[in-house]
Amino acid sequence: MDFNDSPDEAAYRKQVQDWLAANAPKTYAGGDPEGGDSLEASKAWQAKKAAAGYACITWPKEWGGQGGTPIQTVIFGAEEAKYPIPPNPFQIGLGMCVPTVMTFADEATKKRFVGPAIRGEEIWCQLFSEPSGGSDVAGSRTKAERAPDGSGDWIINGQKVWTTGAQFSDFGIVICRTNPDVPKHKGLTMFWIDMHDPGVEVKPIHQMSGGSGFNEVFFTDVRVKDSQRLGGEGDGWKVSLVTLMNERLAVGGATGAGWSEFMEAARQTPGLDGGSALKDGALREKLADWYVQAEGLKHTRNRTMTALSRGQTPGPESSIGKIVSAVQMQELGNTAVEMLDQYGIINDPNLAALRGGFHSSVMFAPGLRIAGGTDEILKNIIAERVLGLPGDIRVDKDIPFKDMPTGR
Amino acid sequence: MNFDFSDDQKFLKSEARKFLEANCQTARVRKVLDDDGKAYDADLWKAVAEQGWLGAAIPEEHGGLGLGHLELCVIAEELGRVVAPIPFASTVYFLAEAVMLAGDADQKARLLPKIAAGEVIGCVASSEGPGPVTAATVQATVTDGKLSGAKIPVTDGDIAEVALVLAKEGGKLSLFLVDLAAGGVTREAVKTLDPTRDAAKLVFAGAAAQRLGPAGEGLALLEQVLDRAAVLLSFEQCGGADRCLDMAKEYALERYAFGRVIASYQAIKHKLADMYVKNELARSNAYYGAWALNTNAPELPVAASAARIAGSEAFWFASKENIQTHGGIGFTWEMDCHLYYRRSRQLSLVAGAPRVWKERLVSHLERRNAAAA
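Chains as they are written, first to last, in the numbering used here: chain E, 1 to 408; chain F, 409 to 781.
Some hints could be false.
Stated by the list, open to error - Capping the alpha-carbon separation at 25 Å, the derived lysine-lysine pairs in DSS-like fashion look like this:
1. E:K298 to F:K418
2. E:K186 to E:K397
3. E:K61 to E:K14
4. E:K298 to F:K679
Hint data in this document are derived by calculation from the structure and do not stem from the laboratory.
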């Protein structure tokens with residue numbers, strides 16, 4: 001048991017370090033974490049990585065990858081993170097959408113899209129969630145109907161929501177209802193679409209946290225060719241599973257203030273008796289709990305990496321990350337704010353500790369507990385896929401989609 | 409990255425599981441539970457000694473297998489999984505670790521081979537009453553090599569041959585080895601939450617005591633021993649917590665209510681998912697503790713604290729929610745749920761309660777941050 005690279009890994013790390021030293025940016029190009037306002041820098045860095053084979057390390061060489069291993073991706077990511085690299089708006093496309101295209105599209109389509117995507121010239125988004133269904137993607141209502149002119153084309157109408165990066169995406173994959181007369185899982189079909197089509201309208205969502213990292217996307221009579229269909233008609237659910245298989249990798253855990261920042265803030269804040277708040281036993285207990293959770297996640301990642309390093313599939317323990325870190329982000333942020341007592345209401349970056357970082361945690365954590373699988377859905381997944389407990393009873397399983405009860 | 413046990417260690421673990429499944433079914437644990445006159449399972453103790461487990465981490469020159477602490481960790485996990493009713497922790501995690509850490513050549517030569525052979529049962533005697541052990545709570549005193557005072561509770565104190573005792577000498581705290589078979593010791597069994605692990609009150613009246621390690625270093629030395637024991641106990645806690653999750657899962661898949669298995673209700677599914685998350689956090693912290701213990705890393709105090717806190721939390725949660733999952737039947741003496749519930753309390757308290765370890769952890773983190781600043 002150790003934390004060292006194998007000889008092969010060490011050699012790869014050295015190669016990556018040398019390449020980064022010669023090529024990585026030396027100053028941060030700025031931008032919000034969703035990557036919207038620094039696209040040029042992001043695209044330039046992506047193009048460099050792609051030229052050297054580092055953009056999608058595990059992809060085959062013929063598609064611009066290196067034919068490498070997952071542990072090599074982990075090594076590159078760790079080394080790359082030491083540089084002030086711009087945000088990565090390509091992750092959803094390259095992690096979820098393009099692999100779906102590569103699995104289901106014909107050769108010509110693959111040839112057309114894979115290169116520009118890996119080089120960062122074209123950005124993709126994933127259009128699954130709808131106002132009527134986030135967790136229940138199979139309940140999607142956005143309609144695709146055959147054009148009445150007999151061309152075989154499809155006409156798409158409806159709305160998607162919480163689409164990350166739609167505002168700067170060139171293409172997307174969209175799951176649509178093509179047959180409302182069969183049960184919900186069976187009447188779905190997947191398409192790729194051009195986000196620049198005049199029938200596609202993108203509106204940013206104003207989040208409760210104040211930011212706008214996600215979008216609503218409206219489709220009004222968007223006409224697509226039948227050749228844009230990914231997988232068979234009615235096979236959309238199966239296709240979506242291929243896409244979602246990789247979602248866990250694309251939606252990371254919590255970032256921002258952790259136990260260490262909390263400890264420093266507590267040290268500087270007066271406590272109940274006028275001394276430091278860090279002397280407060282109740283806060284010290286919480287601090288210990290957060291440290292233990294954070295360490296538990298860190299070493300769970302080390303276990304995952306060990307499996308990758310040995311060429312094995314990581315165990316199910318890798319599924320606990322977001323569920324633990326998102327809840328901790330909310331609790332830790334709120335405890336820090338409460339520690340400030342009346343002053344805690346102030347989130348002005350010029351007045352608040354960490355430039356309001358703890359307040360940001362409080363306001364962003366509710367979204368993180370929902371994105372990429374709510375706490376509840378993730379617990380279902382652990383219960384069903386890891387522990388082997390039965391799936392929920394599905395009252396809508398055998399009835400045609402059009403007869404399904406709908407509420408709000 | 410190689411943050412996992414080796415194939416050999418995993419093989420040892422699976423062999424240990426097979427051995428304990430054959431030799432330590434809960435029916436045998438219950439013989440100790442139900443019989444006030446039976447302090448431990450002497451046959452199992454003998455069998456475990458024959459397996460070499462008592463000396464897994466003891467060097468070959470002292471009669472052990474000389475394997476290492478990672479091997480001891482995998483054995484500990486399996487012992488925790490079957491709530492083994494033997495004085496393994498007292499003897500191996502406390503006494504043997506203390507002697508290996510601070511013993512002189514004579515003490516090592518005298519005790520370690522006997523421990524490895526199963527001829528000596530050990531115990532650790534630090535507490536004298538309610539509340540955490542601190543310099544202020546220790547009254548036991550050694551004068552001219554003779555120990556006087558009382559220690560309560562001492563896990564396995566009623567069956568041990570040798571006690572590791574925290575006492576004052578010349579006003580300073582030191583650790584001492586006391587031969588309990590020699591004169592000047594009276595023992596009185598005390599009733600405990602977990603009768604599968606007995607405890608006693610030890611009263612010393614001029615018992616011969618030999619100092620272990622430097623004079624005046626008693627508390628610091630005891631903390632080092634506790635760090636080592638905490639890692640090993642955390643593996644027992646992981647084993648117990650995982651078994652609780654298995655029991656809850658098996659029961660939930662068989663028990664019907666309102667026309668379907670209770671495992672199909674989200675209230676139960678989410679409860680078991682919560683157990684799984686806590687168990688994995690505990691396991692990952694235990695692994696890091698194992699690495700720190702095996703390499704004697706400077707991170708050991710922090711790693712051991714985290715392992716102990718996470719292990720205690722996971723086993724407590726899993727053992728109580730296992731009962732809850734079982735419903736009424738889980739509250740009966742006949743069901744095994746309470747064996748784990750009891751053991752979770754024993755393991756959480758025997759090396760100091762989680763509250764104490766949380767305070768220790770934060771103190772270490774404060775010092776580490778101050779040093780880095």
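Status of the hints after comparison with the structure:
1. E:K298 to F:K418: 22 Å, holds
2. E:K186 to E:K397: Distance of about 10 Å is within 25 Å: holds.
3. E:K61 to E:K14: 21 Å, holds
4. E:K298 to F:K679: 23 Å, holds
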